[in-house]
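Read top to bottom, the protein sequences are chains A and B.
For what it's worth, my numbering labels the leading residue of the first sequence as 1, then goes sequentially.
For what it's worth, my numbering labels the leading residue of the second sequence as 1, then goes sequentially.
Bear in mind the hints are in silico, worked out from the structure with no lab data behind them.
Cβ coordinates follow ideal geometry from the N, Cα and C atoms, glycine included.
Be careful, since some hints might not be right.
Which stretches of chain B does chain A cover? Using the computed rule of at least three CB atoms under 8 Å from a CB of chain A, they are [stated by the list, open to error]: (1) 101–113; (2) 176–189; (3) 206–216.
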Amino acid sequence: MTPAAPRGAALYGGLPDPGAPGLPARILEFGEELRREGVAVGTSELLDAFAVLEELDWRSREDFREGLAATLAKSQEDRRVFELVFERFFFRSVEAAAVREGVREEGGIDAEGGGGEINLDTLRAQIAAALRDGSEAAMRDLARLAIAAFGRQGEGSGVIGVDVQRIRRALGLRSEPQPELPPEDPRHAGLPREQLRRFETLLRRELERAQIERTESLPPSRPLNELDRALPSGPLQDLAAVHRVVAQLRRRLATQGHQARGRRRHSHVDVRRTMRASLETGGVPVVLKYRPRRPRRPEIYVLCDVSTSVTSASVFFLSVLHALHDAFRKMRSFVFIERISEVTDVFARERNFRAVSEAIGREAGVADISGYTDYGRVWSEFRALVEDDLHPRATVIVLGDARTNGRDPRADIFAEIAARAGRTFWLNPEPRLYWNYGDSVIAAYERYCRAFECWTTRQLEDFVKALTRPEDLGAAGSPR
Amino acid sequence: MSSAPSSSAETSGPPSPAVKGSDPPPSPAELAAGLREVGYLPGESTALVCYLATRLGKPILVEGPAGVGKTELSKALAALLGRDLIRLQCYEGLDEAKALYEWNYRKQLLRIQTEAAGTGWSDVQEDIFGQEFLLERPLLSAISSTEPVVLLIDEIDKTDQEFEAMLLEVLSEFQISIPELGRIEASTRPVVLLTSNNTRELTEALKRRCLYLWLDYPELEHELAIVRLHAPELPETVARKLVEVIGMVRELDLKKPPSIAESIDWARSLVLLGAQDIDAETFTETMSVIVKHRTDLDVVAERVGVKLTALSGTSG
Chain A
1 MTPAAPRGAA
11 LYGGLPDPGA
21 PGLPARILEF
31 GEELRREGVA
41 VGTSELLDAF
51 AVLEELDWRS
61 REDFREGLAA
71 TLAKSQEDRR
81 VFELVFERFF
91 FRSVEAAAVR
101 EGVREEGGID
111 AEGGGGEINL
121 DTLRAQIAAA
131 LRDGSEAAMR
141 DLARLAIAAF
151 GRQGEGSGVI
161 GVDVQRIRRA
171 LGLRSEPQPE
181 LPPEDPRHAG
191 LPREQLRRFE
201 TLLRRELERA
211 QIERTESLPP
221 SRPLNELDRA
231 LPSGPLQDLA
241 AVHRVVAQLR
251 RRLATQGHQA
261 RGRRRHSHVD
271 VRRTMRASLE
281 TGGVPVVLKY
291 RPRRPRRPEI
301 YVLCDVSTSV
311 TSASVFFLSV
321 LHALHDAFRK
331 MRSFVFIERI
341 SEVTDVFARE
351 RNFRAVSEAI
361 GREAGVADIS
371 GYTDYGRVWS
381 EFRALVEDDL
391 HPRATVIVLG
401 DARTNGRDPR
411 ADIFAEIAAR
421 AGRTFWLNPE
431 PRLYWNYGDS
441 VIAAYERYCR
451 AFECWTTRQL
461 EDFVKALTRP
471 EDLGAAGSPR
Chain B
1 MSSAPSSSAE
11 TSGPPSPAVK
21 GSDPPPSPAE
31 LAAGLREVGY
41 LPGESTALVC
51 YLATRLGKPI
61 LVEGPAGVGK
71 TELSKALAAL
81 LGRDLIRLQC
91 YEGLDEAKAL
101 YEWNYRKQLL
111 RIQTEAAGTG
121 WSDVQEDIFG
131 QEFLLERPLL
141 SAISSTEPVV
151 LLIDEIDKTD
161 QEFEAMLLEV
171 LSEFQISIPE
181 LGRIEASTRP
191 VVLLTSNNTR
201 ELTEALKRRC
211 LYLWLDYPEL
221 EHELAIVRLH
231 APELPETVAR
241 KLVEVIGMVR
251 ELDLKKPPSI
261 AESIDWARSL
271 VLLGAQDIDA
281 ETFTETMSVI
291 VKHRTDLDVV
301 AERVGVKLTA
311 LSGTSG
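The whole structure should be built from the sequences, with the hints applied where relevant.
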């Protein structure tokens, strides 16, 4: 099959090869696209999707999307990616088909005529009302009107994002209350933020559609960027996300021992309770009573670098530390720059994250002279502090970038600590690319512990996942 | 062997009467209407996914924050389909003996003792490994039931991975193998719901066998409808304000944001108190219904209480 020469291809990415005709081919392409974005779509999922479509009236867009989502996206994160890819994929294929078939919208956005007759104030009020009531169809129509009315004034800037914001401002749509407006105007009390965002999406969509019509080609498809696919979150929600991941971490650490010990579910018979139970059966011990297995309580030592080289990461680290404290009872935490300082008490005393970080800045007193990290000194001080308490059931977690500022890394002391503790992990806030460049000496330490790249909650999750795979831990390659 | 009137597993009982276990609704819209009738207001995707599950015979994996009606959904489905609900509550350390079946050792022993003399081992063995001595646990009773049921496996994320692996046979083949008895196959397909609070990543193998449904906190209007349904005595204006306040509270960074169940509780307590408006005072008095952590209480009192004062200041 030779693809038809795309019209206007040079300008703007061109038209993709139409591929095999029919819906099944489109669904398979869609699955392929999801895989490219990292959603695990297996053949069985695709088969399910087809089975679902047989049961549905898939001419209804909502049903079609939900049906596919239920079979293809199996977690909240996947679902989010699914929504984005779905929008992009079907928007693009519809537009591509439209250009190919030469379908144009009658009296569309390009039509110059209507603009003059629209009463701008009525339009503003109508749009605000539609936003408040959240009716999707009305919003879409009004978005087109708005573009017709405002988009042409002085022509579009050519950059869709700029145009969207310009139109939104011209409409006076804001989430904050606007008390100068009359009270019956929906904008008086401010518009719901969620609806505003939806309206912006519609504006963007319509502008894109117009652009595609003009240029007769699709913009190049870009992979979703990290920002889009991340769940919408402010800094506070980030803290919540860290807490959620750490809650998983707790479960993993608590159940770790059992998996390693194999499947021996019960080890000790409780003789006393067995005898008592046997009274029921005439003294024959039919029902054996076991001593309950208590999950061992993990003991954790966390060392957190708070020096200037990790300033951006240390808020993240402190929030990890904060969440860990919330989850574990038996835990001691230390912050260090040049020297080390125990901050377990601070966390025990202050519940609020902001108060904790302030208290640490005030009281820890870890940057003595230069403010540069001195790992060698930190290890020896740490060893002196906890030497007697470290035992094979303890877990040591280091949060730091392993940049020694040219000082002696003293990996030998670190090796000693790692040998005494059961498990040692290193979470490094730098991308792996930068490891061992400049004064980073992570390689010296990595021989004695498992090092993870960790600067997003997602990577923190990966770390938690890695914890559950005992074979990985065995292969950690610590030459103790 | 004595007759076993109550044994239920493989007896060829009468075919299920038409009243019980009525046919699944023929379209998502009708299923949604049916759910609404039994007092559950489904979101759009909820009805659709449930419909698909009844049509395809696949389990649904329902995830979402605590208290958005995951368990309620299965109760409503059971009521709608006219089926019994069998519930398996998961917890750490749940094993086959608690979830599938167990031999009733005591009864077996008594049997051996009463007939101790004069019976050969083979006779006794045939006796004691029969249906009569089998204790059915939720999964087995769901499979072996002669009438179709709704099976709810609650909080699957609390169990360990071994248990999940064991579920795979049940969920994809709808059968259970018991070494002494052979295979027990489902005569009717149960509608299966698994719920998870997402405290642990479930295995791919399990997810692959399920349809996925994410339940989130509902949108304002939807939640308002739910509150109005469960506390019809509450004046509309108060209910609206209540839902708005709940929305505000959920936006804060809390340990445990209020769930739908808590909105309903709050609405009911406001009815009991005969409140005509939610002002700062009523709010601080009844706040403990929706917020249940010491630290959360402080945050909410500080942030929302102030807003309420400001609101009532401007409007009246």
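For this session: Take the segment 101–113 of chain B, compare each residue's beta carbon with every beta carbon of chain A, and decide whether three or more fall closer than 8 Å.
Result: holds (count 5)
Problem set entry | Per-stretch coverage check for the segment 176–189 of chain B, three Cβ contacts closer than 8 Å to chain A | violated (count 0)
Problem set entry | 8 Å C-beta criterion, at least three residues: is the segment 206–216 of chain B covered by chain A | With 7 residues in contact (Cβ-Cβ under 8 Å with chain A), the coverage given for the segment 206–216 of chain B holds.
Hint 2 from the list above is the single one not met by this structure.
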